[in-house]
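Assemble the complex: chain A is given as a structure, and chain B must be docked to it using the hints.
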Amino acid sequence: METALVLSTIARALAFSTPLLWAALGEIVAERSGVVNLGVEGMMILGALTGFIVAQSSGDPWLGLVAAAATGAAAALLHAFFAVILRANQYVSGLALTIFGLGLSGLIGRGWVGRPLRNAMEYVSLPFLVDIPVVGPVLFDHQYALTWWGLIVAVALWFVLQHTRIGLIVRTVGENPAAADAAGVPVLRVRIAAVVFGGVMAGIAGGFLSLAYRPSWGQGMTNGLGWIALAMAIFALWDPLRAIFAALLFGAFFTLSFSLQDRFPPQLLTMMPYLFTILALTLTSLRKGDRSFGAPEALGEPYARGER
Amino acid sequence: MRTILLALLSLLVASSATAQDDPLKVAFIYVGPVGDYGFSYAHDLGRQALQEHFGDQIETVYVESVPEPEVEPFIDQLVADGADVIFGTSFGFGDGILAAAQRYPDVIFGWGTGIARAPNVLTYMADFYQVYYLNGLIAGALSTSDTLGYVAAFPIPEVKRHIDGFALGAREVNPDAEVQVRWLYSWFDPAGAKEATEALMAAGADVLAFTEDTPTVIQTAAERGHPSFSHYASMVEFSPETVVSGQLVHWDTIYIDIVEKVLDGTYTSTNLEDVDYFWLLEHGAVELGAEPGVPVAPAFIDDLEAVVLDHPEFGEIDVYDLVLRRNAQMTEGREVFDPFAGPLVDRNGNEVYAEGYLPTIDDLVGLEFAVPGVVGPWDNEPE
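Protein sequence lines, in the order shown, are assigned to chains A and B. End of the first sequence = 308 in the numbering used here, gap-free, step of one. End of the second sequence = 1383 in the numbering used here, gap-free, step of one.
Only chain A is shown next, with the shape it has when bound in the complex (with noise of 0.2 Å):
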């Protein structure tokens, strides 16, 4: 019984937090050249309503995946503009990303209320692994690829990050962009490449929910989860391998908030993700020294040459 409990609060969590996933992952990369953006949320709507649109249209789910994605990059071109270009307050500016996806959406979504999507990603089943006795079926029969695929990115972009010249620049950007100015690198535009990356990931992962997790639009569905991808992103401390981890446990209090709302208060357990993430926000400043655990140091900073 404790068996099957536990089997399938992974499953669960794998499945909840996949977009989660999708979308702290780009928020990492965003904020690890150094821009915030807080418009997750309505970047992630955005593409769930195109990605809705072009696969009812077209009757191709995986279409309607590029179109989210691309949605999704359009919507954070348009941060980059305000916050990289422009030089506008990165937090300003993402909140009405935010605001301006969730009223758009709405308002252009209207006609595509109240209707399924008739052709919507389907299960796959994961070759040799599912055959394993007991876990198989339970872990890898009844998922996503895009779960999968997120687990797999999540990886590839730790390696990139951590291991890679890009990578290096990325960092260097988001630490000290006066030097990697000094150094040549076009700090603004690897921001902006950087955040348009995250608007990809936040479009994928609003795909993700209108075309496989819950096949239709309605207005607001994304429902705060654009929110709590941002808390994760801080949670994984900016590092794409804890947010594998972030995600699962994100995951896990949300199906078990459910699964076990006849023992445990299902608020105390709803609650978890953001303690926790009150509670990395307070390790971060206490180990302030410590390059491995603390935000970019240029976060939330717009730059121009010759200041500072």
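Quick caveat, the hints were computed from the structure, so don't treat them as lab data. Do not take every clue at face value.
[Unchecked claim] Reference excerpt, derived from the structure (chain B facing chain A, CB under 8 Å, subset only): (1) 1033; (2) 1037; (3) 1182; (4) 1187; (5) 1189; (6) 1195; (7) 1196; (8) 1198; (9) 1202; (10) 1204; (11) 1214; (12) 1216; (13) 1219; (14) 1238; (15) 1372; (16) 1377.
[Unchecked claim] Covered stretches of chain A (chain B as the covering partner; in silico rule of three or more C-beta atoms under 8 Å from a C-beta of chain B): (17) 108–114; (18) 149–163; (19) 207–215.
Where is the CB? At the ideal position from N, CA and C, for every residue including glycine.
What follows is chain B alone, placed relative to chain A:
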């Protein structure tokens, strides 16, 4: 800001209807967007039917996505635009409506799902408890695991009536049936509804019902082929093969009745203190089914006819017949049959209604207990 702009925009669009001599101006305030495919959508269908019914005699306008604490300025604007009758559809509009009603004593107000009245404020409600009971009869017959799943928004009396009605129906057909409840503590939480449904299915539930504002439960149950019940709007399209039945609302029956009585002078802005609509099957305000005119999806009728009971009231009867009989009885009136009629005990074994007692509307509006067969946490449960 966004909601205000949207609201003003929709007000402009909606009010550019026909310019008539002096039609009665009826305004609606919705808590959600009309595109929510749930509560506000259903009220707006009611508004459209009302407009059609009275034609040039009335003019209807609406504002949507109005935040509950900010309803008063919207009322001010509607009154300034000449609204004669204002319906606030959500419970949370109550304080604003009652305050505004004092400032505008000549305007007639309707407080949907409300609990307090005034000389110019009436309350109205279309209640589903009878329909959930009928859904429960069906669910009890269809389940092979004897475990039914219920995804519920908030532990408030309205939702508790639904769950209790559902459990009473299920147990009438299948005395071993259990109704497992999972609470969302939200009216709108698609991811929560999905994970709650998954948790229920993992706990063995093989028939699902819900009270919340999305079709998520239907879609999630369908992934494993489990039957489910549609809520509020017709949700058949979300899974035509697995939606058995459901609950439909016809707010227009209430709106038409009220406006008719305003037009003929029965209702004025001074005599509404005791006007409370709590409309049920007998008034045509609610209906059994996932789409109008279809009480049970045809694909499931054979399954229901295959379950034959020895019923204390009807003798040998199959469940499909039982559903139709009970529906007919309740359509005749509450006194003919009511699932909550005494004797009734709660799940802790206390007698809540004695033999022969028919609970009053006030009893039902304040209902807090859980009936036997309901499993799960239950806030404010009587000891």
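### Query
Can you list which hints this structure breaks, lowest number first?
Violated hints: 4, 10, 15, 18; rest satisfied.
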